[in-house]
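Residue numbers (my numbering): 5 to 898.
Think of the hints as simulated: they come from the structure by calculation, not from any bench.
A couple of the hints might just be wrong.
To be verified - SDA-like mimics (lysine to any residue), calculated; alpha carbons at most 25 Å apart, straight line:
id, residue 1, residue 2
1, K777, Y367
2, K323, E372
3, K655, V697
4, K517, T385
5, K517, P256
6, K481, H498
7, K626, K603
8, K576, K626
9, K661, K626
10, K323, L290
11, K323, F375
12, K626, A197
13, K576, N502
14, K267, T456
15, K286, T456
16, K341, Y367
17, K665, L856
18, K765, H700
19, K661, V648
20, K481, L290
21, K413, T425
22, K655, K626
23, K756, V697
24, K765, L369
25, K317, N272
26, K576, G606
27, K413, I439
28, K756, S772
29, K603, H639
30, K267, A189
31, K517, V616
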Amino acid sequence: MQVERQILHVTTSTQPVGDHNKLHADILAFIASHPKPADAPEQWVICKLFDAFGSATWWLTEYDAGDRIGFGFVTGLQYDEWGSVSIAELAELQAGITGLPGSAPRIEVDQHFRPTTKDQAVAAYYASPSQDLRPAEDAEMTPIAGPSVMSLSEFVSCFGTGLLDAVRRQNPPVYSGLPDVRREAVMDTLTRAPFPAQREVVQAVSALLFDEDEPAGIINAEMGTGKTMMAIAVAAVAHAEGYRRSLVICPPHLVYKWRREIKQTVPNARVWILNGPDTLRKLLQLREMREAPLHPEFFVMGRVRMRMGYHWKPAFNLKRVLVREENGDSTFPQGSKVAVCPHCHTWITDGDDRPLNPDLAEYLLAKERRFCPQCQGALWTLTRPQASAKSRDEMVLSAMQQLPTIGAKTAQRLLATFGATMLGDMLEDNVYEFINLMDEDGDLFFSDRQATRMERAMANSEFSFGQGGYQPTEFIKRYLPQGYFGLLIVDEGHEFKNEGSAQGQAFGVLARKCSKTLLLTGTLMGGYADDLFYLLWRLQPKAMMEDGFGYSRRGSLGPASMGFLRAHGVIKDIYKTRDDEAKSHRTARGRQTVHRAAKGPGFGPNGIMRYVVPITAFLKLKQIGGNVLPPYEEHFEGVAMAPVQLEWYRKLEGALKDALKQALRAGDHSLLGVVLNALLAWPDCAFRAEHVVHPHHRSRVLAHVPALFEGSEPMPKERMLIERVRAEKVKGRRVLVYTVYTGTRDTTARLKALLAAEGLKVATLSASVAAEKREDWVADQVDRGIDVLVTNPELVKTGLDLLEFPTIVFLQSGYNVYTLQQAARRSWRIGQKQPVDVVFLGYQGTAQMTCLELMAKKIAVAQSTSGDTPESGLDVLNQSGDSIEVALARQLVG
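Make a model of the complete structure from these sequences and hints.
Structure representation (structure tokens):
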């Protein structure tokens, strides 16, 4: 097919500068003369405007004739970008570009016979070697059949090479894939060698921090890729580069896991735990240690412990003064004690300049930390909690009894044999010497089984018999020199995104005190641009201030955060109009419009390229390769309800839907959570009566369903679970079962009883097991030969490697995408040898299946922010932003 093409010079040098009427008329003429074919409406016209010298090009894809505003893509200026352009401003710009009065663009029209989108036009522009889409005058273009919308994955497949080349030209990589030999040698000395893909990340981050001298870097890696291992390797490289000490901040239940992995990875590493009651004593030791250590030193601090803050009390001295008091016609001196500043001895006064007596000073100064108005000295001092009344013997006895296999009698026998001093020193400093204790005959005090269990327990705990309540961050800020810690490693870094949290502020202080910062995360952002603002500000304050996102005159970052959101995120301007009948006779006030701004999900490509890509290394499990990980499969299975169960569910659903619709019509959203929770939970809790009442009017009953199943009678989903667990046991595979109902509608006890009745060994992990002890608790249960572990996914979503459970069954999914993704990958981690099978169960025809479908969609969107490509780019760019609950409610009420 011959394509008729025309090129028209629309203006001449005789046209006055700024006169855009001719240009407007010519654009309309070209649009009119090139209509979209009726038989192929997906084909459309791209109107390209070139300036006289060809230095800039406007690709107009839409035109508003009324406002004379064109929308399209501009190239050749300072930035290539999509946007709107005024034809009037464009005419003025032409004169400025060419330097000729009235120099104006020419219009060229290409009629594309390939179904085209704006994104494809941009990609084709960059992918073309000549960066020019204009075919020859006699070129033949064949129509391409197919859908008018190309999936994002197909788009990347078609144009990825050209786009990647353009990105590399515009943003040269810090690390090109050629490893640094010195750093490879450092990694070769590690006891546990990183995998090739992990080495690449370590090399890239090291190049960023040490070659480019950037203050901070990010490892955004999928769960199970070994972020801890990579961070430890970076710390080893940092030590070789002259950064001798590394400070680690992590969730409190992972403190001792970090210590264990450091010890297992870095030869001769010394690890300090700044998480116990002897933290202040250790910090004082650090203050005196100014020499650079010969071997790598790590200081591990729990996230809660590192908050800014400390214990304090009022500080003042007492001074006796003579006060003359009048009594009738006579005066006499009277001695009195008043509070004075401990530095300059100025009286401490109240709001009326009256001196305070000791009791009143103690009361008023305890309300807040005050400073002397005369000398600015602190009227408070640091303190620590009251010292324990326990003797050292009692503390050592208590500590030993926390270890497995040691009871009260054994602890007393150990104390009588070896003494509190010797045992206490071993527990604090050398746990292996404690495990290998020998009696007078030279025999080991503990059996091999006891030693194994104690060694595992001690890897996850620390004993200290000192005192202290001082917050380490405050001490580091005040008393340790700048750069004392060379590298700050921040585990689960996305947890520090909040503006006013004490942990987030403390993180910012530590980042400024350390020379380099490495942030580890699997989910860098939660979908909103301001999720990243405070993280970026704490990591790279200089870059943020250079871009204009600094403190306001009042010392607040609030305006900067909103500016960042407007520049790189999504702001929804919401207008609500209300007619006021009482004032309708007033034309100016008959209708009131209320405006509010709300943030929407999304982070623009300019922000990603400016702030994220330059300092972030990405890694996914599938990139590790080399058969490091076994196959991983997720699948959904629908379960048919029993007839009586289905009958009652329909009654419950009908009653609750009617109540919800009625409430929503009245503007009452309070029933939303009640209705959704009841419809999602009841099918799994039909063994108990369900009594649904209005949250604000407890006497109003919305629905009632009786108990349908006896205690020993399994429901259909439970029967399917039992059959699967029995089948997995035959294969020698343990099963991890997740249930979100562990509170009022507790299902764990019932599941344990039903599974045990089938001859299966079951353990239930509850919140009563302290977070830092859960790993050891699970290991104990595995030693006892359990077949099934039942728990809430919230309890194991971070930090636990459950390699012993290659089969995972979700009885419910919950609403939290992050929790679901984390919990599903608990056993698919480096070190797993068996294929991992994850099963999601849901009752057919119920809200459970709707919830699972919505969760699947949300997961697809969430993965797109981590480098995975969903099928529809439009779904990612135009998310509604609704939560799972709101989306589910929309489907329920139709």
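| query | Among all the numbered hints in the text so far, which are the ones the structure does not match? | reply | The structure breaks hints 1, 7, 8, 9, 10, 15, 18, 22, 23, 24, 25, 29; every other hint is satisfied.
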